[in-house]
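Residue strings, one per chain:
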Amino acid sequence: MLAPYTASGFSEGACALPAAPLAMPMQTIEPETGPVHRMLRRLRPGGQVRPSMDVGA
Amino acid sequence: MIVASLLAGLGAFILFLEFGEATGLTWIDVFRAVLILISTMWLAWGAMLAFVGLTSRARPPEGVEDAPIRGRTCVLMPVYNENPHESLSRIAAMEASLREIGDPAEIHFAILSDTRDDEIAAQERAAFRRMVEDCDGVGRFFYRRREKNTGKKAGNIQDFIMTSGAAYEYAVILDADSLMEGETILKMIRRMEAEPQLGLLQTLPKIIRAGSHHGRAMQFSASFFSPVFARGLAMVQGRTGPFWGHNAIVNVRAFAQSCGLPELKGAPPFGGHVMSHDYVEAALLSRNGWIVRLDDDLEGSFEEGPENIVDHAKRDRRWCQGNLQHLRIIGAPALKPWSRFVFVQGVMAFIAPLFWMGFIGASIAAPLLVTPPDYFPVPGWPFPQFPQSAASMAISLAIGIFGLLFLPKLLIMTRAIVSGEAKRFGGSVRVVLSTLWELLLSSLTAPVLMMFTIRSVLEVLMRRDGGWPTNNRGDGVLQWPEALAASWWIIVAGAIGLFAAWFLTPELFLWLLPVGVPMMLSPGLLRWGSLPSRGSLMVTPAEQAPGRVIQLYDAVLARWGVDAQSSIPVVPLKLPEKDGLKA
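Protein chains in written order, with this note's numbering: chain U, 1 to 57; chain V, 58 to 640.
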């Protein structure tokens with residue numbers, strides 16, 4: 001049987017993670033809406049189809 | 058391959074329709090034909106992976122095995138209420154393995170604790186201090202515990218990168234039960250350096266240290282069959298490869314640039330943090346132009362598996378929720394088509410049992426819905442007498458489906474015998490017997506696991522959490538009450554199914570027994586599967602000749618006074634309070 005362990009020469013500060021930040025930008029992982037919503041959104045109340053991009057820009 | 062799977066599914070679909078047409082096509086025939094189409098396509102896809110894996114060979118990159126290493130690497134072990142003595146002794150073994158083959162100075166180790174239990178956290182800190190002392194690891198070993206485990210494992214890794222990522226070129230991501238040879242880690246780093254566009258390199262971890270019937274069957278399967286399927290996957294996925302969340306190395310800057318995961322809109326199970334983050338991270342790396350590759354030729358990568366079917370089902374429950382959540386992500390902008398297909402595959406893996414069960418249910422209930430033809434005109438004779446034209450089609454269909462199920466494994470067995478690979482698994486005779494035994498066991502457990510999967514899918518769709526009975530025993534043995542509590546509803550479902558078949562379609566009764574009997578016997582299967590295995594079958598190379606890191610792991614466990622079987626420290630790790638680490 002081993003003797004209970006006792007630490008020696010251990011430095012708490014030396015075992016903290018190094019401070020070296022790296023940016024991690026959030027990604028877009030969801031479509032804006034589902035295909036059904038997209039289709040419905042494109043249909044104006046009067047039945048006209050809204051363009052999918054701003055053609056006037 | 059996709060086309061071949063589609064053709065196989067369409068072939069089964071047409072055969073089934075023609076078979077139905079021979080006696081008058083009804084809507085239930087069409088419904089069942091559609092279910093057969095989907096199920097056969099899924100089976101064919103798995104079989105195709107095996108055929109590609111059997112006919113191709115991994116080609117390790119040339120000229121990189123001895124190249125000097127320039128970048129710094131951190132080996133990350135995220136832990137969450139794990140047994141710290143086991144987890145950290147794995148780190149100590151990997152460090153010792155690295156030290157044996159070279160200078161590990163530029164390889165650091167970080168324990169990223171998300172442990173919520175203060176008592177376990179105190180043990181973690183004590184074990185960590187012992188490990189640092191043991192390995193003379195000051196300056197190379199790090200420990201931090203998060204106050205909140207936001208984002209779970211993905212959030213834990215993200216927190217590391219946002220705190221310390223700039224200090225490292227590469228990060229080896231592990232699970233708490235991961236173990237990797239030092240040589241394998243060095244090879245991975247060299248391959249990353251040789252290919253600057255490589256964002257992530259995944260290895261194929263083999264299951265080790267299984268002790269139960271179920272665990273050893275999984276271990277044999279992972280060691281004997283999985284490499285062929287993985288080879289097929291590596292060939293098919295190419296530069297848009299898989300990430301399984303551990304036993305992999307990432308380019309830290311690529312990961313930071315690509316893999317910041319936001320929470321999904323809405324509440325769990327479909328909203329909230331991304332559960333199966335690994336598939337998503339692989340897809341995002343590919344989207345940003347990084348290569349994600351599975352190098353299945355890399356040996357020396359290990360993990361541990363569930364020791365009983367209940368733990369297996371609990372793990373599947375999490376994976377089920379995670380994979381179904383990917384339905385929200387399939388349409389994410391600019392993903393590679395292959396990444397989207399991987400999400401579909403993940404969803405199919407969990408909903409396929411619904412199609413099989415739907416087919417069986419529809420077949421039993423068919424007489425209630427339409428007037429059935431009489432395939433069994435001779436009383437007491439169990440074999441169907443189809444009209445001449447339909448009989449051959451039905452038999453072709455059955456052979457085709459069983460072929461897709463069993464042929465890949467039988468071909469892998471044959472190749473192992475012919476190539477001499479069987480020696481590593483105990484010789485040809487043992488390999489044949491082990492394969493047949495594994496086929497029998499997997500056939501018996503398949504209906505039970507299918508029921509657990511169906512329950513998981515339904516729970517997720519109903520936005521409910523699972524209510525699994527817990528198993529707190531260190532050895533994973535399920536007692537009869539635990540086995541019964543976990544599976545009583547499967548017995549009920551099996552009994553209802555067989556009872557309905559007996560009255561509605563007695564001619565199908567015998568044919569449904571391979572599904573119904575394992576369901577009725579499920580507590581026995583759960584209990585038996587969890588018992589220690591003492592048989593001489595299902596031998597793996599890691600059992601016959603454990604790799605160096607496994608030997609080192611055993612040595613560390615012995616040195617630290619941890620019982621390898623129960624994982625309970627023989628001697629509690631105690632430290633003077635003045636040396637305490639802050640959480």
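FYI, nobody ran anything at the bench for these hints, they're computed from the structure. Glycine included, every Cβ here is placed at the ideal spot set by N, Cα and C. Treat the hints with care, as some may be off.
[As the list claims (entries may be wrong)] Per label pair, the in silico range of CB-to-CB distance:
1) V:E119 / U:M26: 37 to 45 Å
2) U:M26 / V:N138: 34 to 42 Å
3) U:T28 / V:M219: 14 to 22 Å
4) U:A16 / V:G329: 26 to 34 Å
5) U:P25 / V:A115: 31 to 39 Å
[Stated by the list, open to error] Derived list of chain V stretches under chain U, where covered just means 3 residues or more per stretch with a C-beta under 8 Å from a C-beta of chain U:
6) 188-196
7) 282-296
8) 350-357
| query | Do three or more residues from the region 350-357 of chain V put their C-beta atoms closer than 8 Å to C-beta atoms of chain U? | reply | violated (count 0)
| query | Do three or more residues of the region 188-196 of chain V come closer than 8 Å to chain U, measuring C-beta to C-beta? | reply | holds (count 4)
| Pairwise beta carbon distance, U:P25 to V:A115, judged against the given window 31 to 39 Å | holds, 35 Å
| Measuring from beta carbon to beta carbon, are U:A16 and V:G329 in 26 to 34 Å? | Since the Cβ atoms of U:A16 and V:G329 sit about 30 Å apart, the hinted range of 26 to 34 Å holds.
| message | Verify the CB-CB distance for U:T28 and V:M219 against the hinted window 14 to 22 Å. | response | holds, 19 Å
| request: Could you say whether the range 34 to 42 Å given as a hint is met by the Cβ separation of U:M26 and V:N138? | output: For U:M26 and V:N138 the Cβ distance comes to about 28 Å; the hint is violated.
| field | Assessment of proposed distance window 37 to 45 Å (beta carbons of V:E119, U:M26) | value | holds, 39 Å
| Whether chain U covers the region 282-296 of chain V (at least 3 residues having a Cβ closer than 8 Å to its Cβ atoms) | Since three or more residues must qualify, the claim that chain U covers the region 282-296 of chain V is violated, with 0 doing so at under 8 Å.
Comparing the model with each earlier hint shows violations of hints 2, 7, 8; every other hint is respected.
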